[in-house]
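Asker: Residues per chain, in single letters:
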Amino acid sequence: MSSVEAYEKPVPVPDPDSAPFWAGCREQRLLLQHCEACGHNQFPPSNVCAHCGSGGLSWKQASGAGKVFSWIVVRHPVPKPVYAQDVPYVVALVELAEGPRMPSNILGCSPEAVVADMPVRVTFKQVTDEVVLPLFEPA
Amino acid sequence: MGSARKSAYALKDKYAIVGIGTTDYSANSGRTVRALAIEASANAIADAGLKPADIDGIVSYNFNDSAPAIAVATGLDIPNAGYAVDFLAGGNAANLIVLSAVAAIEAGLADTVVCYRAMNGRSGFRLGGGREFRALGPTQYTAPFGWITYPQAMAMWCRRYQIEYGLTPEQLGNVAVTLRENAVLNPRAMQRKPMSMEDYLASRMIVDPFRLFDICLETDGACAVVVTSAERARDMKQKPVYIMGGAYGGGPQQGDDLFDCIRWPDHSKNYSHYIADDLWRSAGITPKDVDVAEIYDCFTYSILMQLEGLGFCGLGEAGSFIADGHIRRDGKLPVNTHGGLLSEGYIHGFNHVIEAVEQLRGQSGPRQIADAEIALTTAGAMTCGSAMILRR
Chain A
1 MSSVEAYEKP
11 VPVPDPDSAP
21 FWAGCREQRL
31 LLQHCEACGH
41 NQFPPSNVCA
51 HCGSGGLSWK
61 QASGAGKVFS
71 WIVVRHPVPK
81 PVYAQDVPYV
91 VALVELAEGP
101 RMPSNILGCS
111 PEAVVADMPV
121 RVTFKQVTDE
131 VVLPLFEPA
Chain B
140 MGSARKSAYA
150 LKDKYAIVGI
160 GTTDYSANSG
170 RTVRALAIEA
180 SANAIADAGL
190 KPADIDGIVS
200 YNFNDSAPAI
210 AVATGLDIPN
220 AGYAVDFLAG
230 GNAANLIVLS
240 AVAAIEAGLA
250 DTVVCYRAMN
260 GRSGFRLGGG
270 REFRALGPTQ
280 YTAPFGWITY
290 PQAMAMWCRR
300 YQIEYGLTPE
310 QLGNVAVTLR
320 ENAVLNPRAM
330 QRKPMSMEDY
340 LASRMIVDPF
350 RLFDICLETD
360 GACAVVVTSA
370 ERARDMKQKP
380 VYIMGGAYGG
390 GPQQGDDLFD
400 CIRWPDHSKN
410 YSHYIADDLW
420 RSAGITPKDV
430 DVAEIYDCFT
440 YSILMQLEGL
450 GFCGLGEAGS
460 FIADGHIRRD
470 GKLPVNTHGG
480 LLSEGYIHGF
490 NHVIEAVEQL
500 RGQSGPRQIA
510 DAEIALTTAG
520 AMTCGSAMIL
530 RR
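In order, the protein sequence lines correspond to chains A and B.
Following the numbering used here, the numbering of the first sequence begins with 1 at its first residue and continues without gaps.
Following the numbering used here, the numbering of the second sequence begins with 140 at its first residue and continues without gaps.
Heads up, none of these hints are tricks.
Residues of chain A placed beyond 12 Å of chain B at every Cβ, according to the derived structure:
1) Gln28
2) Glu36
3) Gly108
4) Arg121
5) Pro138
Okay, the calculated bits of chain A under chain B, using three or more residues with CB under 8 Å as the criterion:
6) 10–21
7) 69–79
8) 96–103
Please keep in mind that the hints were generated in silico from the structure rather than gathered at the bench.
Ideal Cβ positions, reconstructed from N, Cα and C, are used throughout, including at glycine.
Build out the structure end to end from the sequences listed, making use of the hints.
Answerer: Okay, structure coming up:
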């Protein structure tokens, strides 16, 4: 069994609303839904615009730029066997330049270096044969 | 925040809690959740001076970790359980189920209703441990990044408050220490060992900004209450505790499940900001009239948001409000006089209702707040929640 197949962390299970988003990640493109009616950009994906209710949504590539809206530093791993090697790790709510927020990890700096509004940029990591996750690092 | 609703709870003092019951609170009950639910419910019915045959409704809430209402009705041999309903919900529903019992009675669906929460929260399904590990639905946007547990969820809110207003470890620690002082006086409490600020600060960091003592307990146990009309309550064994007011809700963009807060506008404020106007209007009182407050405390931080949201202090002022001693038992707003979820036990917020009723009946022994006439109970900490105003 390859190391990729041994990946033990939760992997996203795409659904009809989210499949284009995860497909975009596999191509290293961060896609957001854009409302053709009111111009609202949204994440997470939905069948309708959360702002005006329109079903006229298209997918647009985001710039990948954002800033840290809030963050935590996980020091106690849960479940322990799965995350013991990773702690401490940072989970952040990243506010994308296009408006929506996105939960992700901040890589490429120590947890202590993360501050509010810190500029970050998307990077992509293949974790299984099927799944690529959008992660962020200091811009 | 303002109220977007035209209506509010409109049954002031028309319904009452007439019985309360609990089990022991422990880390390993060695019993089924069904058995715990039946014991607490039977105790509440007996406390009211009633028999199971007098009950015709039963309502609870759970995360698929409890015994359903019909199982408890069956165990109690309730001959005609009309309103037997389960809410798939978290602590947000701990007051909602009581309000829904009132609504059911008002609608003629039942006359006298048992409300309960039962769980083997430590030895069985541990809510704090993690959620469904397959990242389906809203979880696909959180769990793949190791954002899995409720402490991890609420820590994200707390950090946002810290960014907005500033927040010191000691300001959170004051909550943990104050509630432990109350638990020391409570024979039912699971944690009765005194806690100092030094103890709090020395507790290990679980998910920064939360230490171990910022996080509530995990408990096996059950709580139940009996609700009926004020008219019927007058002839019963206990002094009725009247439901003056109540509210349930949250703001816009409450999310796709109880964890999801991606689109929530401002994580320094929770549901309480949105229901405050409805709550106070329904009871016809203001925050100054509250003698004792049992505030949902899954985490220390949860209390800060609710003190501000319900108007006990201004935005960003909860840390200093607490540091000034106002939530201590000798302060102007005694909070979680039983020790709360942090130190009494975690019956998913329903133990707050039990404590409020005991305080208003004057049955709280050494932890009794003198002349407590009006109590607040709240339930929930994130995007949706419920609250009640009770009076003796």
